[in-house]
Amino acid sequence: VSETTDLFEPRIYDAVYADIVVDIPLLVALMKSAGGRVLEVCCGNGRVLVPALEAGVPADGLDLSAAMLDDLKAKLAARGFTAGVFEGDMRDFSLRDRYALIVIPFNSFFHNLTQADQIGTLSCCRRHLARGGRLAIVAFHPSAPMLIKYGSGDPVPTETAYGEGKLVCWDSAAQDRVEQVQTVNRKLQYFDSAGRLEREETMSFRMRWAYKPEMELLLRVAGFARWEVRAFFTSYREPASAVSGRAPIEGDHLLYTAWNE
Amino acid sequence: MTPSPADTVGSPYDQPELYDLMLDSLEFDQAFWRRVAREATSPGGAAGAVLDVGCGTGRVLLRLLEAGIDADGIDASAPMLERARARAAAAGYATRLEVADMRDFTLPRRYARAICTFNAFAHCETPDDQLRALRCIHHHLEPAGALVVFMSYPSPSYWSEPDGDPVLEREIELPGSGHRLQMWDKRFKNPVAQYQRSEMEIREIDANGVAVATHRSQAIQRWVYRWEMELLLRAAGYARWEIHGGFDGEPLERPDQPMIAWGWRS
Numbered sequence: 001v002s003e004t005t006d007l008f009e010p011r012i013y014d015a016v017y018a019d020i021v022v023d024i025p026l027l028v029a030l031m032k033s034a035g036g037r038v039l040e041v042c043c044g045n046g047r048v049l050v051p052a053l054e055a056g057v058p059a060d061g062l063d064l065s066a067a068m069l070d071d072l073k074a075k076l077a078a079r080g081f082t083a084g085v086f087e088g089d090m091r092d093f094s095l096r097d098r099y100a101l102i103v104i105p106f107n108s109f110f111h112n113l114t115q116a117d118q119i120g121t122l123s124c125c126r127r128h129l130a131r132g133g134r135l136a137i138v139a140f141h142p143s144a145p146m147l148i149k150y151g152s153g154d155p156v157p158t159e160t161a162y163g164e165g166k167l168v169c170w171d172s173a174a175q176d177r178v179e180q181v182q183t184v185n186r187k188l189q190y191f192d193s194a195g196r197l198e199r200e201e202t203m204s205f206r207m208r209w210a211y212k213p214e215m216e217l218l219l220r221v222a223g224f225a226r227w228e229v230r231a232f233f234t235s236y237r238e239p240a241s242a243v244s245g246r247a248p249i250e251g252d253h254l255l256y257t258a259w260n261e
Numbered sequence: 262m263t264p265s266p267a268d269t270v271g272s273p274y275d276q277p278e279l280y281d282l283m284l285d286s287l288e289f290d291q292a293f294w295r296r297v298a299r300e301a302t303s304p305g306g307a308a309g310a311v312l313d314v315g316c317g318t319g320r321v322l323l324r325l326l327e328a329g330i331d332a333d334g335i336d337a338s339a340p341m342l343e344r345a346r347a348r349a350a351a352a353g354y355a356t357r358l359e360v361a362d363m364r365d366f367t368l369p370r371r372y373a374r375a376i377c378t379f380n381a382f383a384h385c386e387t388p389d390d391q392l393r394a395l396r397c398i399h400h401h402l403e404p405a406g407a408l409v410v411f412m413s414y415p416s417p418s419y420w421s422e423p424d425g426d427p428v429l430e431r432e433i434e435l436p437g438s439g440h441r442l443q444m445w446d447k448r449f450k451n452p453v454a455q456y457q458r459s460e461m462e463i464r465e466i467d468a469n470g471v472a473v474a475t476h477r478s479q480a481i482q483r484w485v486y487r488w489e490m491e492l493l494l495r496a497a498g499y500a501r502w503e504i505h506g507g508f509d510g511e512p513l514e515r516p517d518q519p520m521i522a523w524g525w526r527s
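Top to bottom, those sequences are chains A and B.
Sequential numbering from 1 applies to the first sequence in the numbering used here.
Sequential numbering from 262 applies to the second sequence in the numbering used here.
A partial selection of chain A residues facing chain B, derived with a Cβ cut-off under 10 Å:
id	residue
1	Q118
2	M146
3	I148
4	D176
5	R177
6	A210
7	E214
8	L217
9	L218
10	A247
11	P248
12	L254
Footprint (simulated), chain A over chain B, 3 or more residues, beta carbon under 8 Å:
id	segment
13	417-428
14	482-493
15	505-516
Below, simulated SDA-like cross-link-like pairs (lysine to any residue); rule was C-alpha separation at most 25 Å, straight line:
id	chain 1	residue 1	chain 2	residue 2
16	B	K447	A	G251
17	B	K447	A	I249
18	A	K166	A	G153
19	A	K75	A	E54
20	A	K149	B	R515
21	A	K149	B	S416
22	B	K447	A	A247
Since the hints were made in silico from the structure, they are not lab data.
Computed from a prediction, not measured in an experiment: that's the story for all the values here.
For each residue, glycine too, the CB sits at the ideal point set by N, CA and C.
Given these sequences and hints, build the entire structure.
See the structure below:
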């Protein structure tokens, strides 16, 4: 029996992304270098924000999902951390503070499904930066082989440890390659230690990818005067490789940094 | 510095006669550009003037002139433009043809339509080149004028083709000689910078299948995605824009369609 669910259900999110850790030390180092207060936009239930607070970064978080934020608040309370936790839409939020750094990790910027959404998010973040502050977005650069692989219709499996057993996540995508939107259809299969299928869950979500020159134009149109783009790491499921100094290649996870001057 | 062999290879536009033998007979877009030009009107309803940006040897421009349209042209290549001038003069057409860089040109007229045919805009290799060209063209439009750009669209399967394999792009008969001309292209692609460097070879093949002459050249083409095109037009100051996927205004839905972008000055 397959149950329909939501990617932003904390139990499921933690299970699916349990092994997504490659970016955490890179982001924590970036946040520590901010020299002031940090806002994580799309902080969810704290995959990055909790380690950042553990490292002593003065940081707040914003997310659209009340369920994820409730889970985050419980984690913070259990650890005795204090942080601003704000429920809000990245396209249109209004906070009192101005930040030295705003980060949008893990492709979350690609939840913006229209150009107006993208520009709204960038403009809104820019308004929340202190003078000299930076916006840092981590997002993959699409690779043609990956687009072909996920768009073929054949589900692509990814395995993660789950309790004593394992979780297999099957993804296939319906792509509109001109709109740059893909609808990810995901099936989760939970297996016990003996390899028996315990249950199945399905979910669907849409993301809109962007190319590097397009991202740079979005930053320009949103009012940023200076930005840089570099390769941040190669893959969430591989050890962080040394990408520093080399030009970005397709499939890389890029770090877009834009300054509010 | 000693030039490497690649540096000594020129542009395909250094040999305009050869270019015309290969490509002047392309007919696929002629009716579209004629329609775009005919529908261009100036304030008061008079026929509007057309500027062909990247007109080359005049493949499209001469046909517009032949149809009685008031059209001028610019091209960055002096050999290509010289040939366009000679062809226009031979046919007795009145037209202004200037060697000029689309990123930075100054003409005395303002145009109802600027057209950028058959991937001419792909010669803008960087966002800076693209924005400068779009702004400069914008400056040369009448208040109600529009720019129309035709670009091939990049697809994942295109980017996934192996680099460096020779692709036969076009083959034609050389009239009266029994020889054929083949245009081969080795493509080296950078999907993040969105460009293709081409090493091209035009081979003249005799009746026995033997290559009797080979002409090498190289060029760079910078492809553009649809959302990027809209952002470029917006950033360059165009008031509104539309993106089509074909000559009849159909929507752009698949990468195997061409992208036809319209940008209005106001």
